[in-house]
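Chemist: With the hints as extra help, turn the sequences into a complete structure.
Chain residues, written in single-letter form:
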Amino acid sequence: DAGVIQSPRHEVTEMGQEVTLRCKPISGHNSLFWYRQTMMRGLELLIYFNNNVPIDDSGMPEDRFSAKMPNASFSTLKIQPSEPRDSAVYFCASSRSSFRVYNEQFFGPGTRLTVL
Amino acid sequence: DAKTTQPPSMDCAEGRAANLPCNHSTISGNEYVYWYRQIHSQGPQYIIHGLKNNETNEMASLIITEDRKSSTLILPHATLRDTAVYYCIDKSNFGNEKLTFGTGTRLTIIP
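Chains as they are written, first to last, in our numbering: chain A, 1 to 116; chain B, 1001 to 1111.
Certain hints may be false.
Simulated restraints, written as ranges between beta carbons of each label pair [what the hints assert, rightly or not]: (1) A/10 with B/1079: 26 to 34 Å; (2) A/68 with B/1110: 40 to 48 Å; (3) A/112 with B/1013: 31 to 39 Å; (4) A/28 with B/1093: 15 to 23 Å; (5) B/1079 with A/38: 28 to 36 Å; (6) A/84 with B/1005: 30 to 38 Å.
Think of the hints as simulated: they come from the structure by calculation, not from any bench. Note that beta-carbon positions come from the ideal geometry of N, C-alpha and C, so glycine has one too.
Modeler: Listed below in C-alpha cells is the structure:
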C-alpha cells in the first residue's frame, strides 16, 4: 500500500500566485481530510470530505481557499491568491469511515508551502 | 469535542517505559480517548484509542482511570525512534470525523 500521496512535497511561490496542492487517498478510503500546521496555530483541520462530499469546511480560513474532490481517488486544495501568512505544512489524510465506528486517519507526508 | 491537557514536554531514558499523561476532565460518555504522535517532519500517526477499558496493541498501552477524567499512554520500552510529539484527543465515534489537535507532549528519548 502506497499510503496517502501528496504533491508537491515542497512549493515556493510568490505572493499573489495561485497554488494547488494535490492528494491521492488510500484506495478504498471514503473520507479525506485537509489539515494545516504552523508554529503559531498548531495542526488544524481545514476541510473534510466523505464520499467526495464536503462535510465540514468550517476551518477554511477565507474565500482564497477552496478544495475539491472530483472523485474518490483525488483531491485538490487551492489558494488564490496566496499570501505569506499561508506558509505552512499542509497535510492530507484519509480514513475508511462508517457510521458509529471510528477508523484511524492515515496522514500523508505533507506539502511544505512557502509564500514569499 | 472535549478539551485535553498534556504536559508540554517529557524526557525518558532509552529502554525504559515512557508514561505520558492526559487530562480530559470534561469528557462525555460517548467520547473516546485517542492518541496520535508526530515524528519530526512527518504526518501524524495513529497509536491507540479507548473508551473506558484499558487497551493494548503492538505500539502502546492505554490506561484510562475509572472516572475517565484522565489517561496514560505507555510505551513499554522506549527507543530513540519514539521521540515525537504525542497528542491526546477526545472524540465521539459518530458525527463529525474531525480531529482537534492540541499542543501535545514533546517526548524526547535520551540515549
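Chemist: If a hint holds in the structure, say so; if it does not, say that too.
Modeler: A quick look at each hint next to the structure:
1. A/10 with B/1079: 26 to 34 Å: 29 Å, holds
2. A/68 with B/1110: 40 to 48 Å: For residue 68 of chain A and residue 1110 of chain B the Cβ distance comes to about 46 Å; the hint holds.
3. A/112 with B/1013: 31 to 39 Å: Since residue 112 of chain A and residue 1013 of chain B have Cβ atoms about 33 Å apart, the given range 31 to 39 Å holds.
4. A/28 with B/1093: 15 to 23 Å: 20 Å, holds
5. B/1079 with A/38: 28 to 36 Å: Since the Cβ atoms of residue 1079 of chain B and residue 38 of chain A sit about 29 Å apart, the hinted range of 28 to 36 Å holds.
6. A/84 with B/1005: 30 to 38 Å: With a Cβ separation near 33 Å, residue 84 of chain A and residue 1005 of chain B satisfy 30 to 38 Å, so the hint holds.
Comparing the model with each earlier hint shows no violations; every hint is respected.
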